[in-house]
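Peer 1: Sequence:
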Amino acid sequence: MDATSMSFSGLKTKTIVAVLAAVVATSALGYWSYGEYRQQELRSAVTGLVKDTSVRMRDALSAETLPAPADTAVTLRKLYDDAEAVGGNFRKLHDMDVAPVEALAGAADDYVLTSREILVRWASSHRYRVKLSGSIAALRNHMRADDRTGAWVSDAIRAKERVEEDYRDYRIATGALGNLLASYPDSRAKMAPYVDPEVLTDEALVEAARKQALAVSRQTADEIETVRQLNTYR
1 MDATSMSFSG
11 LKTKTIVAVL
21 AAVVATSALG
31 YWSYGEYRQQ
41 ELRSAVTGLV
51 KDTSVRMRDA
61 LSAETLPAPA
71 DTAVTLRKLY
81 DDAEAVGGNF
91 RKLHDMDVAP
101 VEALAGAADD
111 YVLTSREILV
121 RWASSHRYRV
131 KLSGSIAALR
141 NHMRADDRTG
151 AWVSDAIRAK
161 ERVEEDYRDY
171 RIATGALGNL
181 LASYPDSRAK
191 MAPYVDPEVL
201 TDEALVEAAR
211 KQALAVSRQT
221 ADEIETVRQL
231 NTYR
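FYI, this note's numbering numbers position 158 of the sequence shown as 158, with every residue one higher than the one before it.
These are calculated hints, taken from the structure and not from any lab test.
Do not rely on the hints blindly, as some may be mistaken.
As the list claims (entries may be wrong) - Below, computed lysine-lysine pairings styled on DSS-like, alpha-carbon distance capped at 30 Å: (1) K51 / K92; (2) K78 / K211; (3) K190 / K211; (4) K160 / K92; (5) K211 / K51; (6) K131 / K190; (7) K131 / K211; (8) K131 / K78; (9) K51 / K190; (10) K78 / K92; (11) K51 / K160; (12) K51 / K78; (13) K160 / K131.
Start from the sequences and build out the full structure, keeping to the hints where you can.
Peer 2: And the structure:
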């Protein structure tokens, strides 16, 4: 092989190597670009679920503790609908392939789950308090209609037992709610590094809701003590 042929062969080899290197670099860049795009897409999707969860939390915790009687059914339905929607956010999060944004997804998982449990207990606390109010009213009405018969005494005892049962359910729901509201700051702190603070439910609102629930719980306990003084054996 003469010098010219060897020179041409060497040039051809270098050209092939350069082309291959360019192809590899382009492929790597394309892969990196797709990976970056995929991460951005996932971050946006996860953040969207967190944002929707926070909006529903703010709406629920800003509502009156005890709605007007005429609005009770509508209010409770809205609370449970919000809880179910946030449960849907949690399921969507688990259906995603979140490996590229694992840290963000882990924080979101805790935040959305905690928010869902708060909404469920908030709705349950409202429902049991409304039910308890009805039981107390029924007992008081029965006591005022005393006809001093054996049937009246039996009905009074049953009415008082219903009050105690409803109060137990309310107390359990409210206790769980208080614990969840107290745990919210930890969930929020895990999520805070990944999103704008305005995306998350404000701690002050959650703390106000916790104090509100505690105050109503104490008022209810006082009311129950008064009810327990009613003599159903007159």
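Peer 1: Hint check: K160 vs K131, CA-CA at most 30 Å. Holds or violated?
Peer 2: Satisfied, since the Cα-Cα distance of roughly 13 Å is no more than 30 Å.
Peer 1: Measure nothing beyond the straight line between the CA atoms of K51 and K190; if it is 30 Å or shorter, mark the hint as holding.
Peer 2: 15 Å, holds
Peer 1: Is K78 within 30 Å of K211, Cα to Cα?
Peer 2: With a Cα-Cα distance of about 22 Å, the restraint between K78 and K211 holds, given a limit of 30 Å.
Peer 1: Hinted pair, alpha-carbon criterion (30 Å max): K131, K211. Please report holds or violated.
Peer 2: OK: K131 and K211 at ~22 Å, within 30 Å.
Peer 1: Compare the distance between the alpha carbons of K131 and K78 with 30 Å, and conclude whether the hinted pair is satisfied.
Peer 2: 17 Å, holds
Peer 1: When you check the alpha-carbon spacing of K78 and K92, does it fall within 30 Å?
Peer 2: 21 Å, holds
Peer 1: Given the proposed pairing of K131 with K190, does the C-alpha separation stay at or below 30 Å?
Peer 2: With Cα atoms ~37 Å apart, K131 and K190 exceed 30 Å; violated.
Peer 1: Take a quick look at whether K211 and K51 sit within 30 Å of each other, Cα to Cα.
Peer 2: Given pair K211, K51 holds - Cα atoms ~24 Å apart, limit 30 Å.
Peer 1: For K190 and K211, compute the direct alpha-carbon distance and say whether it is at most 30 Å.
Peer 2: The given pair, whose Cα atoms are some 23 Å apart, holds under the 30 Å limit.
Peer 1: Take a quick look at whether K51 and K78 sit within 30 Å of each other, Cα to Cα.
Peer 2: 18 Å, holds
Peer 1: Could you grab the alpha-carbon distance between K160 and K92 and see if it respects the 30 Å cut-off?
Peer 2: 45 Å, violated
Peer 1: Tell me if the straight-line CA distance from K51 to K160 falls inside 30 Å.
Peer 2: Not satisfied, since the Cα-Cα distance of roughly 45 Å exceeds 30 Å.
Hints 4, 6, 11, counting from the list given before, are not met by this structure.
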